[in-house]
Amino acid sequence: MRIRHPKDFLTGMMFILFGGAAMVLSKELTIGAAAKMGPGYFPFALGAFLAILGGVILLRSVLWATCTHAWPALQIKPLVLVLSSVIFFSLLLRPLGLLISTVVLVVVCSRASHEFRWMEALLNAAVLIIIVLVVFVYFLEFQVPIWPSFLAGRV
Amino acid sequence: MELLSNLALGFQTAVSPLNLLYCLVGALIGTLIGVLPGIGPVQTIAILLPTTFALPPVSALIMLAGIYYGAQYGGSTTSILVNVPGEASSVVTCLDGHQMARQGRAGAALTISALGSFFAGCFATVVLAVLAVPLSELAFKFGPAEYFSLMVFGLIGSIVLASGSLLKAVGMIILGLLLGMIGTDVTSGVQRFAFGIPELADGIGFVSLAMGLFGICDIINSLEKREKRDILRSKLSGFWLSRADIKASAPAVLRGTLCGSLLGILPGGGAILSSFTAYMLEKKSSRNPESFGKGNIRGVAAPESANNAAAQTSFVPLLTLGIPPNVVLAMMAGAMMIHGIQPGPRVISSNPELFWGVIVSMWVGNLILVLLNLPLVGIWVRLLSVPFRLLYPAILLFCCIGLYSVNNNTFDIGLTALCGLLGYVFHKLECEPAPLILGFILGPMMEENLRRGMLLSRGDPSVFFTRPLSLAFLVLAAAMLIVVALPAIRRGRQEAFKEG
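Sequence order for the protein chains is U and H. Per our numbering, the first sequence runs over residues 1 to 155. Per our numbering, the second sequence runs over residues 1 to 500.
It should be emphasised that the hints constitute simulated quantities derived from the structure, not laboratory data. No residue lacks a Cβ here, since even glycine has one placed at the ideal position from N, Cα and C. Check before you lean on any hint, since a few could be wrong.
Within a straight-line C-alpha distance of at most 25 Å, the following computed SDA-like cross-link-like pairs (lysine to any residue) qualify [to be verified]:
| # | chain 1 | residue 1 | chain 2 | residue 2 |
| --- | --- | --- | --- | --- |
| 1 | U | K27 | H | Q12 |
| 2 | H | K428 | U | I76 |
| 3 | H | K247 | H | V370 |
| 4 | H | K141 | H | S457 |
| 5 | H | K428 | U | M13 |
| 6 | H | K141 | H | G459 |
| 7 | U | K77 | H | L390 |
Listing some non-contacts, in silico: residues in chain H with all C-beta distances to chain U over 10 Å [as the list claims (entries may be wrong)]:
| # | residue |
| --- | --- |
| 8 | V15 |
| 9 | P144 |
| 10 | L254 |
| 11 | E290 |
| 12 | P352 |
| 13 | A417 |
Extracted from the complex, chain U is given alone in its bound form (with noise of 0.2 Å):
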């Protein structure tokens, strides 16, 4: 037995996980009967299709497919750093308000750029903290702490 076609082999997998999971929670919920049907009811009929559904992509990934297909490629890099620049910034912004958390997101997620240069990036930074000051903040009235948390009394 091959895996012919990894992504559908992979796309079998996550539906079985995501839909067996749905059937597992929804027990815990009071799935009632057709004519009253509960809370868990549709969600235990939706992940208990998707399970099978998944099951039949599965399969076929392995016994059907005509021709073998290339396993997915990944790059880590882009993939990193940018869920991570969002994921600092939204960590940063309460405790050190608008102005670090948007150098570090800027910083961070240009990175992923093979083209980065530091000076460029900062520039960068500084430009998008102004239009952000006058766009969002003054225009549209958005609240966000700008300042550190810290200094906040102070300023």
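Using the hints provided, position chain H relative to the given structure of chain U.
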């Protein structure tokens, strides 16, 4: 003439200074992002959604609608001048549009796409105005069984748009429906799949999901491939069409408009599908199909008219039945719900000034676009030289700030990163996220109607097959599934997606 008085009401709303301003802003932003490859109306609406919270709902919807049809205008500019589609819906415009540009006829190509879009926009506005009232009256006759079947029909329709495996697309719909279940169950008040996290009590934020799956995920994907752009540096001139151009393109515009208006209304339809279909129709009906792909003006006129017509008529099912036919309209549905308006047949009677205002604003927006677009082409082209490495940090930053402002919490930003990761996995596994978003939007409504329908029939599922309208929707859905699964059509569909 009720229609005329309705349109007059809409006109009053649409030309109020504030709404006119937001119409202009939306149309301009739409053109801008249409011009920029790699960012489309879905991402833009996701990013700008939080900024519309402070606006009255009418202005917000007018602006968001402007983004959608504005993007259809802008997308063609990039296709013609750079040979990179600015939008998915202008992929086919590259084929003949860029060839025209190489032959020094970029001006004529831009003019016909603007004029074609304008004509299509006007026509689609009329279609929308005429169809809206009868359709919404029909929708009032729907019971829960009809609604449930209609949603099944709408969801199956979204598969037509998804490239690749049919089974995977169905799976993505189910996954979307399941994600829509997260949060408090409306009927019983029980928390479902919230894992005790208080921020999940209201479910996954629509903005977080959309931004993660489309905004963040697309940025990561663009970073993975290094693209090169060759911008045509020649001077733009000759915007006037010759008499032969007009003779060739006028019927093409008309055919494209009709094709787009029709496909826009169907579930799964919209700008992308209709531009492909219009191009293929035009090529098939031509006496010398080999001239297509070599700078035939009909190959620009038809798809550009079609995508603009479809962008507008796809509002018909959303505003009258409450069913978004594609992802962009799903975003609009999300926007309406955030503003406290449930999309559906009640919108016309409960918010007439909103409904007619948005419709008339589309015509006004098209007028603005056709007047502004050609003079501004030079600026748009210069924007294309802004490198992506400076652009994507800006997009990410605006996403994050917008997300924070939705609920003033940072949880949503983290959740979006998670959705971005999920979107990345989907992309790598060649699973389209569009059906998932539609499932997510329709999930809660679908469950409610299923429950009510089954309660009324005392648990007898045959109610979905014995009521004629409900049966009709289910039969149509099954027919659509079979048609998509047929090998011949499947090949055609793959070809259509491959050409892009």
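Structure-based check of all given hints:
1. About 54 Å separates the Cα atoms of K27(U) and Q12(H), which puts this hinted pair outside 25 Å; it is violated.
2. As the CA atoms of K428(H) and I76(U) are separated by approximately 12 Å, the hinted pair is consistent with the 25 Å bound.
3. With a C-alpha separation of about 20 Å, the suggested pairing of K247(H) with V370(H) holds against the 25 Å cut-off.
4. Of the pairs offered as hints, the one joining K141(H) and S457(H) holds, with about 17 Å between alpha carbons and a cut-off of 25 Å not exceeded.
5. Simply put, K428(H) and M13(U) have alpha-carbon atoms about 14 Å apart, close enough for the 25 Å limit, and the pair holds.
6. A C-alpha spacing of about 22 Å is found between K141(H) and G459(H), which places the hinted pair at or below 25 Å, so the restraint holds.
7. Between the alpha carbons of K77(U) and L390(H) the distance comes to roughly 18 Å, so the proposed pair stays at or under 25 Å and holds.
8. At roughly 23 Å, the least C-beta separation between V15(H) and chain U is larger than 10 Å, which holds for a residue marked as non-interface.
9. The claim that P144(H) is not at the interface with chain U holds, since no C-beta of that chain comes within 10 Å of its own (minimum 12 Å).
10. Once the 10 Å rule is applied to beta carbons, L254(H) is consistent with being away from chain U; the minimum gap is 42 Å.
11. Listed as a non-interface residue, E290(H) keeps its Cβ farther than 10 Å from every Cβ of chain U; the least gap is roughly 32 Å.
12. The non-interface label for P352(H) is consistent with chain U: the shortest C-beta to C-beta separation is roughly 29 Å, beyond 10 Å.
13. Distance to chain U contradicts A417(H) as a non-interface residue, since its nearest Cβ pair spans about 4 Å, not more than 10 Å.
The structure is inconsistent with the numbered hints 1, 13, although it conforms to all the rest.
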